[in-house]
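Enquirer: Those protein sequences? They're chains G and Z, same order as listed. When the count follows the numbering used here, it moves up by one through the first sequence with no breaks and lands on 196 for the last residue. When the count follows the numbering used here, it moves up by one through the second sequence with no breaks and lands on 573 for the last residue.
Among the clues, some could well be false.
As a list, the in silico DSS-like pairs of lysine-lysine whose alpha-carbon atoms are at most 30 Å apart [said to hold, decoys possible]:
1. 310(Z) - 369(Z)
2. 369(Z) - 171(G)
3. 304(Z) - 164(G)
4. 84(G) - 164(G)
5. 171(G) - 190(Z)
6. 224(Z) - 90(G)
7. 467(Z) - 520(Z)
8. 167(Z) - 190(Z)
9. 177(G) - 90(G)
10. 467(Z) - 90(G)
11. 90(G) - 253(Z)
12. 251(Z) - 164(G)
Honestly, the hints are just simulated from the structure, not real lab data.
In case you want the letters, here they are:
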Amino acid sequence: MSPEKGNDLPESEYSGCLKTELTLGLPGGLETPKSGSKRGFSETVDLRLGSSCEDEVSVSTPPPSKAQVVGWPPVRSYRKNMMKNCKYVKVAVDGAPYLRKVDLEIYTSYQELLAALEEMFTCLTICNVVNERKIMDTSNGTEYVPTYEDRDGDWMLVGDVPWKMFVESCKRMRLMKSSEAVGLGPKASSKGLSIS
Amino acid sequence: MNYFPEEVLEHVFDFLTSHRDRNAVSLVCKSWYSVERFSREKVFIGNCYAVNPERLIARFPRVRSLTLKGKPHFADFNLVPHDWGGYVYPWIEAMAKSGINLEELRLKRMVVSDESLELLAKSFPNFKSLVLVSCEGFTTDGLAAIASNCRFLRELDLQENEVDDRKGQWLSCFPDTCTSLVSLNFACLKGEVNVAALERLVARCRNLRSLRLNHAVPLDALQKILVQAPQLNDLGTGSFLHDPDSEAYCKLKNAIKKCKSIRSLSGFLDVNTRCLPAVYPICTNLTSLNLSYAPGIYSSELIKLICHCKKLERLWILDTIGDKGLGVVASTCKELQELRVFPSDLYDGVGNAAVTEEGLVAISAGCPKLNSLLYFCQQMTNAALITVAKNCPNFIRFRLCTLDPTIPDAVTNQPLDEGFGAIVQSCKGLKRLSVSGLLTDQVFLYIGMYAEQLEMLSIAFAGDSDKGMLYVLNGCKKLKKLEIRDSPFGNVALLADVGKYETMRSLWMSSCEVTYGACKTLAEKMPRLNVEIINEGEQIEASPDDRHRVEKMYLYRTLVGPRRDAPEFVWTL
Numbered sequence: 001m002s003p004e005k006g007n008d009l010p011e012s013e014y015s016g017c018l019k020t021e022l023t024l025g026l027p028g029g030l031e032t033p034k035s036g037s038k039r040g041f042s043e044t045v046d047l048r049l050g051s052s053c054e055d056e057v058s059v060s061t062p063p064p065s066k067a068q069v070v071g072w073p074p075v076r077s078y079r080k081n082m083m084k085n086c087k088y089v090k091v092a093v094d095g096a097p098y099l100r101k102v103d104l105e106i107y108t109s110y111q112e113l114l115a116a117l118e119e120m121f122t123c124l125t126i127c128n129v130v131n132e133r134k135i136m137d138t139s140n141g142t143e144y145v146p147t148y149e150d151r152d153g154d155w156m157l158v159g160d161v162p163w164k165m166f167v168e169s170c171k172r173m174r175l176m177k178s179s180e181a182v183g184l185g186p187k188a189s190s191k192g193l194s195i196s
Numbered sequence: 001m002n003y004f005p006e007e008v009l010e011h012v013f014d015f016l017t018s019h020r021d022r023n024a025v026s027l028v029c030k031s032w033y034s035v036e037r038f039s040r041e042k043v044f045i046g047n048c049y050a051v052n053p054e055r056l057i058a059r060f061p062r063v064r065s066l067t068l069k070g071k072p073h074f075a076d077f078n079l080v081p082h083d084w085g086g087y088v089y090p091w092i093e094a095m096a097k098s099g100i101n102l103e104e105l106r107l108k109r110m111v112v113s114d115e116s117l118e119l120l121a122k123s124f125p126n127f128k129s130l131v132l133v134s135c136e137g138f139t140t141d142g143l144a145a146i147a148s149n150c151r152f153l154r155e156l157d158l159q160e161n162e163v164d165d166r167k168g169q170w171l172s173c174f175p176d177t178c179t180s181l182v183s184l185n186f187a188c189l190k191g192e193v194n195v196a197a198l199e200r201l202v203a204r205c206r207n208l209r210s211l212r213l214n215h216a217v218p219l220d221a222l223q224k225i226l227v228q229a230p231q232l233n234d235l236g237t238g239s240f241l242h243d244p245d246s247e248a249y250c251k252l253k254n255a256i257k258k259c260k261s262i263r264s265l266s267g268f269l270d271v272n273t274r275c276l277p278a279v280y281p282i283c284t285n286l287t288s289l290n291l292s293y294a295p296g297i298y299s300s301e302l303i304k305l306i307c308h309c310k311k312l313e314r315l316w317i318l319d320t321i322g323d324k325g326l327g328v329v330a331s332t333c334k335e336l337q338e339l340r341v342f343p344s345d346l347y348d349g350v351g352n353a354a355v356t357e358e359g360l361v362a363i364s365a366g367c368p369k370l371n372s373l374l375y376f377c378q379q380m381t382n383a384a385l386i387t388v389a390k391n392c393p394n395f396i397r398f399r400l401c402t403l404d405p406t407i408p409d410a411v412t413n414q415p416l417d418e419g420f421g422a423i424v425q426s427c428k429g430l431k432r433l434s435v436s437g438l439l440t441d442q443v444f445l446y447i448g449m450y451a452e453q454l455e456m457l458s459i460a461f462a463g464d465s466d467k468g469m470l471y472v473l474n475g476c477k478k479l480k481k482l483e484i485r486d487s488p489f490g491n492v493a494l495l496a497d498v499g500k501y502e503t504m505r506s507l508w509m510s511s512c513e514v515t516y517g518a519c520k521t522l523a524e525k526m527p528r529l530n531v532e533i534i535n536e537g538e539q540i541e542a543s544p545d546d547r548h549r550v551e552k553m554y555l556y557r558t559l560v561g562p563r564r565d566a567p568e569f570v571w572t573l
């Protein structure tokens, strides 16, 4: 949100009357927050994280990720556990009659993921040709290109975005035969193309 | 009224269904108290430690329906240690021994053992209804006991419980003679169920109105079930995954079309979005839709589905819907009363699937009947809240949760005091409020001044000084539950008006500035309060220094003194 947006709202519409009414409070009017006296969020996070993270967090840096404060956001553990399962994605291989599921959370890089896929579909081997990641079925020489469907339903090439972003947005994967993977490219160019 | 025979009084009291009304009536005079207590069938106990089973039975010997709540609300968010308490067994045991004719038991945040369920199942021949919300401690063996023994069971409703799966066949334990089920909800169970037994059960229970399945029930089983139960009002699908070109899917579409009574829909725990169109025909009549456990449905699919739901009154959804999706909700669902938007991204992701103040403003503009909100959002502004307050003055429940708990106004960088101030000023019927974002004492000044009907307030990472808490305690006359975490409120606020706490159900304060000394003082002055200190971890000193800060304190009014089932780490002062 750009700071300019605030100027679009006419002052009189919201703040004028309210300010007059609401100043019928204690004398002294509005107080600005005193950061010294307040037990701020970032202080709390310091206390919670323990020694392993002391170096990373200080009051001046932006608050660390949500997962590190106990009980925030306030969501029941039951719900949290239900949402955990959504990192599993199905992997289909063109021509193979079965699907496999992978938990993307357990890998930390594309290389690890592809190695795992190689293990899963044992007839395949990874060959890194220049900068492209391709997978080959050594028995018949068919080349596969790993692709994935993202949150918006678009089919993308695996490897185009940073790993974490990929894990976030990947809904399922398909090892597509190279010959069919025409026209897939970075997100900007693949909009509007659909794989039937 | 003194000369009316008791039967007449009793008949008049029959029309009073709310426990608050009955409580009021019983205070009028001794004879009204007496008539009321013998005729009361439904008892609500908001804090199981405020009374005990003996007192319940002594006062209401004809009780048939009991509602009990156990752990404090913040236990939902892992702030209360596992063995804190809230056991239902003593209640069941006492009622069984006294020959109470229990028919209905509704529990929230309680520990329910398999032994409790077995005792329950065997002790009350007319038992009809078991509702467990956010409970733990039982397994599918306990459910098997209920299924086997409760011959007239109408309702088994399990909502968001942690249940251990024992791989038994609990569903098969419903005898062939069981035809009385009206409501069966086992969506929270993680394990397999005997699908054939389920189909037979549904087939013979002709009065079944509400059925919520777990993820282990596949789509083809759903189809067979719906064919047997087209009279359902409320359906929770299990897994909704299938090949949309298959015959099973086609059969399902036809089965769903015949379910003209479905008004409430939930589930989709695993989903192939291409199967969703099967439910479009029932969307037009839906009043309640819960897709908050369906992370597999993208925004675009959500929007397509919601476009059909013009009569929706209640919507629970994930923030994957986005602001744009909320705009669609606003223009489609003109009857909307309750909206809950849950966060989809709880594990440190990129955070691109969140909603902002835009979505909320759109909803407020499009849905004038909105009265209940739970909204997890990436950011908020005062201007938006002020607009929402103007558009929707009818809020009864307003719970806003910014994913970053101390985030300021996204545009002005100011605290969100003014925004929440507008909400409490405009919504004169507000009963429940949760605040978040950057907040100073000012917001509490507004709350104390304007929130006259407020009964429950949740505060986290907010305020500057004791003044904040004092504004609330002094101003909110109807306050029943106050829960505060990580806020700089201390002894001055805690001890300013000790009598106030006897007018409330409970107070929770964690990671605040209150000390042992102050808690002890409070406990001494108020013998009818239990002041519990929860000590986790290292600090198990015999008598900690009075100046030591208390990490977690939970106090509540009680008629029965310190509880005897408190674990080692809980000290009642």
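Enquirer: Could you run down the list of hints and mark each one as holding or not?
Expert: Verification of the hints:
1. Taking the CA atoms of residue 310(Z) and residue 369(Z), the gap is about 14 Å. The hint holds against a cut of 30 Å.
2. Annotation: proposed proximity of residue 369(Z) to residue 171(G) is violated, straight-line Cα distance about 36 Å (limit 30 Å).
3. The straight-line distance between the Cα atoms of residue 304(Z) and residue 164(G) is roughly 29 Å, inside the 30 Å bound, and the hint therefore holds.
4. With a C-alpha separation of about 16 Å, the suggested pair residue 84(G) and residue 164(G) falls inside the 30 Å cut-off, and the hint holds.
5. Of the supplied pair hints, the one linking residue 171(G) and residue 190(Z) holds, its CA atoms being roughly 22 Å apart against a limit of 30 Å.
6. Restraint check for residue 224(Z) and residue 90(G): satisfied, since their Cα atoms lie roughly 27 Å apart, inside the 30 Å limit.
7. Of the supplied pair hints, the one linking residue 467(Z) and residue 520(Z) holds, its CA atoms being roughly 22 Å apart against a limit of 30 Å.
8. About 10 Å separates the Cα atoms of residue 167(Z) and residue 190(Z), which keeps this hinted pair within 30 Å; it holds.
9. Between residue 177(G) and residue 90(G) the alpha-carbon distance is near 17 Å, which keeps this suggested pair within the 30 Å criterion.
10. Simply put, residue 467(Z) and residue 90(G) have alpha-carbon atoms about 55 Å apart, too far for the 30 Å limit, and the pair is violated.
11. With a C-alpha separation of about 25 Å, the suggested pair residue 90(G) and residue 253(Z) falls inside the 30 Å cut-off, and the hint holds.
12. The straight-line distance between the Cα atoms of residue 251(Z) and residue 164(G) is roughly 40 Å, outside the 30 Å bound, and the hint therefore fails.
Violation of the numbered hints given earlier is confined to hints 2, 10 and 12; the remaining hints are satisfied by the structure.
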